[in-house]
Amino acid sequence: MSRTSTTALTLARPVIRGLTILNILYAAGISALLVFSFFIEGWPQRPLGFDLTHAHPYAGFGLRVLVAIGVIAAAIVHTILRRLLAIVDTVRDGDPFTLENAGRLEAIAWRVLALEVLRFVVASIASAVWEPGRIDGFSIASCFAVLLLFVLSGVFAQGARMRADLEGTV
Amino acid sequence: MAIVVRLDEQLHARRMTLTELAARIDITLANLSILKTGKAKAIRFSTLDAICTALECQPGDLLAFDPTLTAED
Chain G
21 MSRTSTTALT
31 LARPVIRGLT
41 ILNILYAAGI
51 SALLVFSFFI
61 EGWPQRPLGF
71 DLTHAHPYAG
81 FGLRVLVAIG
91 VIAAAIVHTI
101 LRRLLAIVDT
111 VRDGDPFTLE
121 NAGRLEAIAW
131 RVLALEVLRF
141 VVASIASAVW
151 EPGRIDGFSI
161 ASCFAVLLLF
171 VLSGVFAQGA
181 RMRADLEGTV
Chain C
25 MAIVVRLDEQ
35 LHARRMTLTE
45 LAARIDITLA
55 NLSILKTGKA
65 KAIRFSTLDA
75 ICTALECQPG
85 DLLAFDPTLT
95 AED
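Protein chains in written order, with the working numbering: chain G, 21 to 190; chain C, 25 to 97.
No lab work stands behind these hints, which were simulated from the structure alone.
Everything numeric in this text was worked out from a predicted model, so none of it was measured.
Errors might be hidden in some of the hints.
What the hints assert, rightly or not - Once the Cα atoms are required to be at most 20 Å apart in a straight line, the calculated SDA-like pairs of lysine to any residue come out as:
1) C:LYS65 with G:GLU136
2) C:LYS65 with G:ARG181
3) C:LYS63 with C:LEU93
4) C:LYS65 with C:ALA46
5) C:LYS60 with C:ALA88
6) C:LYS65 with G:LEU186
7) C:LYS60 with G:LEU186
8) C:LYS65 with G:THR189
9) C:LYS65 with G:GLU187
10) C:LYS60 with C:ASP90
11) C:LYS65 with G:ASP185
12) C:LYS65 with G:ILE50
13) C:LYS63 with G:GLN65
14) C:LYS60 with G:GLY188
15) C:LYS63 with G:THR189
16) C:LYS65 with G:ARG183
17) C:LYS63 with G:GLY179
18) C:LYS60 with C:THR77
19) C:LYS60 with C:ILE49
20) C:LYS60 with G:THR189
21) C:LYS65 with C:PRO83
22) C:LYS65 with G:GLY179
23) C:LYS63 with G:LEU186
24) C:LYS63 with G:ASP185
25) C:LYS65 with C:ARG38
26) C:LYS63 with G:ALA184
27) C:LYS65 with G:MET182
28) C:LYS60 with G:GLU187
Taking the hints into account, I'd like the entire structure generated from these sequences.
And the structure:
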């Protein structure tokens, strides 16, 4: 293993824990924002200081949907971080090539794909308000990341099966 | 398993211990013990080659097939 990989693995655990805390704080913050939006008089023009309904008649509703998507995304990110931490822990324990880790990677791949779909929904809502007809939700790098995660989960699963075959070989 | 390992008989015929064989062929005593007791699931050709060279025998002298033994044995 290269020095960079070793350093990354050493740093991974505290970084993931830190990101988990930040994500929980973010989820709590935007959940509070969503709840308070129903009780603030003249929302959203009063807190923002300008009237969004000039841009689009459903701009206020769109903002609430964006915040709700943010809460869902935070929940998805939380499940990703938990699985990532479990994978890092198996590396620390010296046994990362297991079918459980392959399953975790596949689950992470599906969740990253779900986040990409949510990003596309957010971009569509934003474009409906600000620039109708222009959607910037697609990213080739993100598609590669999802593909890479699915490939890696397949490699892990195959590696785990091959290792199981080798157990008991003299 | 219906495959029987006859390493013990070959060692006995040559008055050699498992520890001596392990030292000669550079395979751990633990792994050779797994092979001798029939607990191994598979054997590499390289291991078979090393044992046959050290004991001056054929693979057939080390392995046998006993159809009376079941897969669970």
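Tested hints:
no.: 1; hint: C:LYS65 with G:GLU136; verdict: 45 Å, violated
no.: 2; hint: C:LYS65 with G:ARG181; verdict: 15 Å, holds
no.: 3; hint: C:LYS63 with C:LEU93; verdict: 14 Å, holds
no.: 4; hint: C:LYS65 with C:ALA46; verdict: 19 Å, holds
no.: 5; hint: C:LYS60 with C:ALA88; verdict: 13 Å, holds
no.: 6; hint: C:LYS65 with G:LEU186; verdict: 8 Å, holds
no.: 7; hint: C:LYS60 with G:LEU186; verdict: 18 Å, holds
no.: 8; hint: C:LYS65 with G:THR189; verdict: 6 Å, holds
no.: 9; hint: C:LYS65 with G:GLU187; verdict: 8 Å, holds
no.: 10; hint: C:LYS60 with C:ASP90; verdict: 16 Å, holds
no.: 11; hint: C:LYS65 with G:ASP185; verdict: 9 Å, holds
no.: 12; hint: C:LYS65 with G:ILE50; verdict: 56 Å, violated
no.: 13; hint: C:LYS63 with G:GLN65; verdict: 76 Å, violated
no.: 14; hint: C:LYS60 with G:GLY188; verdict: 13 Å, holds
no.: 15; hint: C:LYS63 with G:THR189; verdict: 10 Å, holds
no.: 16; hint: C:LYS65 with G:ARG183; verdict: 13 Å, holds
no.: 17; hint: C:LYS63 with G:GLY179; verdict: 23 Å, violated
no.: 18; hint: C:LYS60 with C:THR77; verdict: 17 Å, holds
no.: 19; hint: C:LYS60 with C:ILE49; verdict: 15 Å, holds
no.: 20; hint: C:LYS60 with G:THR189; verdict: 13 Å, holds
no.: 21; hint: C:LYS65 with C:PRO83; verdict: 16 Å, holds
no.: 22; hint: C:LYS65 with G:GLY179; verdict: 18 Å, holds
no.: 23; hint: C:LYS63 with G:LEU186; verdict: 13 Å, holds
no.: 24; hint: C:LYS63 with G:ASP185; verdict: 14 Å, holds
no.: 25; hint: C:LYS65 with C:ARG38; verdict: 26 Å, violated
no.: 26; hint: C:LYS63 with G:ALA184; verdict: 15 Å, holds
no.: 27; hint: C:LYS65 with G:MET182; verdict: 14 Å, holds
no.: 28; hint: C:LYS60 with G:GLU187; verdict: 16 Å, holds
The structure shown violates the earlier hints numbered 1, 12, 13, 17, 25.
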